[in-house]
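Colleague: Sequence:
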Amino acid sequence: MTARDEAVGAVEIGLDDLRRLGRSAYEKAGLSSGDAETVVEVQLAADLRGVDTHGFQRLPWYVGHLLAGRNNPSPQWRVVRESPVSVLLDADNALGQLACVRLAELTIAKATGSGLALGASRNSNDWGCGAYYPLMAAEAGFVAFATTTSVPTLAPFGGRTRMLGNNPMVFAVPRRSGPPLVLDMALTPVALGKVMRAQAEHQPIPEEWGFRDDQGRPTTDPAAALAGIIPAIGAYKGTGLSLMMNVLAGILPGGRHSSEVGVGHRGQLMLAVSPDLFGERDRFLGQVESMAAGVKGAEPLPGAVVSLPGEPESLRADQARERGSIRYPPSVVAELASMAASLGIPGPDRV
159 MTARDEAVGA VEIGLDDLRR LGRSAYEKAG LSSGDAETVV EVQLAADLRG
209 VDTHGFQRLP WYVGHLLAGR NNPSPQWRVV RESPVSVLLD ADNALGQLAC
259 VRLAELTIAK ATGSGLALGA SRNSNDWGCG AYYPLMAAEA GFVAFATTTS
309 VPTLAPFGGR TRMLGNNPMV FAVPRRSGPP LVLDMALTPV ALGKVMRAQA
359 EHQPIPEEWG FRDDQGRPTT DPAAALAGII PAIGAYKGTG LSLMMNVLAG
409 ILPGGRHSSE VGVGHRGQLM LAVSPDLFGE RDRFLGQVES MAAGVKGAEP
459 LPGAVVSLPG EPESLRADQA RERGSIRYPP SVVAELASMA ASLGIPGPDR
509 V
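Using our numbering, the first residue of the sequence shown is number 159, and each one after it goes up by one.
Heads up, simulated SDA-like pairs for lysine to any residue below, C-alpha to C-alpha not over 25 Å straight-line:
1) Lys186 - Ser489
2) Lys186 - Ala203
3) Lys352 - Leu173
I should point out that these hints are in silico values taken from the structure, not numbers from a laboratory.
Based on the provided sequences and hints, a complete structural model is requested.
Modeller: See the structure below:
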């Protein structure tokens, strides 16, 4: 939850009630009870970690896509090709969370037998909480990487035409003590969901986010930002990263890329590597802890805190689990209640 949400008064909803609401909504939209539970857990993971742009804020959106027939509620998984160290999955236009959990399971199973594995999916959709899938591998003891294609929202450096995906990438590293290291990043200065939320709440966005209107002028109007030129981080470096993630998650698996990506056309790629391939696991874990301790031991700037990748998100998740609830802005709760009413199921209960 953002500071803006806190300022207008957050609403707490219990974890069990969120699970009940999510499962009921997805089952109404045609998912099996098992698939509904899987998607709900991925969305809850986003909210627990504070990545609220990919959590229950999107529940009405996903349910709407299923009801409109834009996503397949009963996908028929198909392994298109595999080897001892690779697997290619056709997701049959499933929700991206279902496709990516299945892809992670297949990749981890391959890596367990061989020490490393590369998995890819095509004909998939938005994966939601990208950290969820490499974390599955890291918690099983693997160093992991994952990336995905996405719909074209970014203009290339120096251009004004939207033709590149935001194409997030995630790295996860197991640790001996403490939660895994997790770097989860997309290629815009902030998640586009934050801009959409600002638009819904009629709030300006910070100019330092770097968004521009359709004439290339800096803007704090979220509507103008979403309709304008959305920049990639790092200027030409962001353009390059978007292209390379397109190659890995789109072209390599034989799927769509860049401006071709639409509903049911996303691809994902995941790598899992066992530290045992390169020596003793204890040596690897010890060096990771030494590196982490060195970073945490850095002298902080005044008023600043030195954090490891994924540490703030892990702390937020622990705190939310201890409370047994997640805080949402009133606008999100209102949207969830409206969705529930339209489906004929009980809405969210406030704690």
